[in-house]
Amino acid sequence: MPTEVQDAKGPEGEFLRDAGIKKQWVTSTGYMSCLSASGKLLGGAPSAKVLETFQKLPEAERKPGAVVVRDLEPAEKVIPSPPEGGLILKVHGRFMGRDDKENLRAVKGDDFPQIRGKESSIRSHQFLFEPNTEYMWLTKEEWQSLVPAKPVKGDKLPVASAISERMARFHLSPRRALTSEDGIVARKDIESANLTLVVDDVSPQRIRLLMVGFVHHGSDYDNAKATSPNGPLGFGYETPIHGVLEYDRKKEAFVRFDIVAPGEVWGRWGDANGKSQTIERPGRSPIGFAFELATGDSPTDRLPPAGNGGRALRAGYFPASK
Amino acid sequence: MMTFRWLFTVAVLSMTWTGPIRADEPKPLPADQFEKLHKLIKPQAGESRWMEIHWYPNIWEARQKAAKEGKPLFIWAGSGGAPAAGC
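Chains as they are written, first to last, in the working numbering: chain A, 1 to 322; chain B, 1001 to 1087.
Check each hint, because a few of them may be wrong.
[What the hints assert, rightly or not] Computed, partial: chain A to chain B, Cβ under 7 Å:
# : residue
1 : G43
2 : S47
3 : G86
4 : I88
5 : H242
[What the hints assert, rightly or not] Covered stretches of chain B (in silico footprint by chain A; criterion: 3 or more residues with CB under 8 Å from a CB of chain A, positions within the stretch not fixed):
# : segment
6 : 1033-1042
7 : 1051-1057
8 : 1060-1068
9 : 1072-1079
Bear in mind the hints are in silico, worked out from the structure with no lab data behind them. Because the structure is a prediction, the values reported are computed rather than measured. Beta carbons are placed, not taken as given, at the ideal position from N, Cα and C, and that holds for glycine.
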């Protein structure tokens, strides 16, 4: 949940403030808090002590069904919901390394010069060596626009810029996706964001589409300036895009929406003060993104895009929401 | 523009690879290379364990569920990057 909910007008913000949360979440860094449904702050991360505190509450505050929580009116909701009939994609991003044959592989602590050989630093950065996952939304009209009306093998269809720019600005954003620093890529920083679909196979049951494209935002690569830490080159990123999409004509739905973006970054991974982050590497370094359909089996699949749906929508996630 | 290093990397990934992909010269990855890459980037066994929890996207929905089941709420709040991104 975005920390800014604590400042929001309406029931959700009031619930947190009444529980004293505003004094608990001081900066933007991740926080863990436990509350009762009645609005009592029980502690930080889940623990035996938190459960004990919960059990000591009067039954009127903890028995199943004792606390009645009304439904919110749509206008009272702080966190946006996925678009009706829309499509949700999981977006996994991770730092990557290369083996001695230059093949891509998962990253290791020693891939980062600033922590190389420092076991305690590597341990404390362990969470950066795993992928991070968030969600991309397409409206019903947008995903339907990807289905060719009269598909013929070999046909090429450009993908609407609303979709390719969204992918580039909000999802193929290594700093936001992997370190939470900086954020949504400004439209003016997008150098290229093009996607094309190629009809690969057509049957009465399915249409198979291949996606190809290219995204570049930020600086142009300059090898002489791509030094670290605190080098002079601004952050830049580029990636080819490859995808395999399958549309079930009977279900009238996409049943596969796999995309990979094996890209590279360079330049300054600035923190809040513009200084290099620990995970910055000199030269060009590999970053991978993989997209896939969310199944909707878990409420987690409804987490809003970019970790903060309200901010994303305000920044023009859907062109009409600018 | 793509550098030599990038070209070399991709060439190793796919012997059939002929050059950098740009929107004006689309060349899909061979299926086996695509599958391998997609699998490599996605969470591996034992990774991203936070996703084993069913997270509710807003406090109110979680509060309603907690009230109904008589359980405490666990809230994880961050600055607005991807859910598990550090800051």
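Outcome of the hint check:
{"no.": "1", "hint": "G43", "result": "violated, 9 Å"}
{"no.": "2", "hint": "S47", "result": "violated, 10 Å"}
{"no.": "3", "hint": "G86", "result": "violated, 14 Å"}
{"no.": "4", "hint": "I88", "result": "violated, 11 Å"}
{"no.": "5", "hint": "H242", "result": "holds, 5 Å"}
{"no.": "6", "hint": "1033-1042", "result": "holds (count 6)"}
{"no.": "7", "hint": "1051-1057", "result": "holds (count 6)"}
{"no.": "8", "hint": "1060-1068", "result": "holds (count 7)"}
{"no.": "9", "hint": "1072-1079", "result": "holds (count 8)"}
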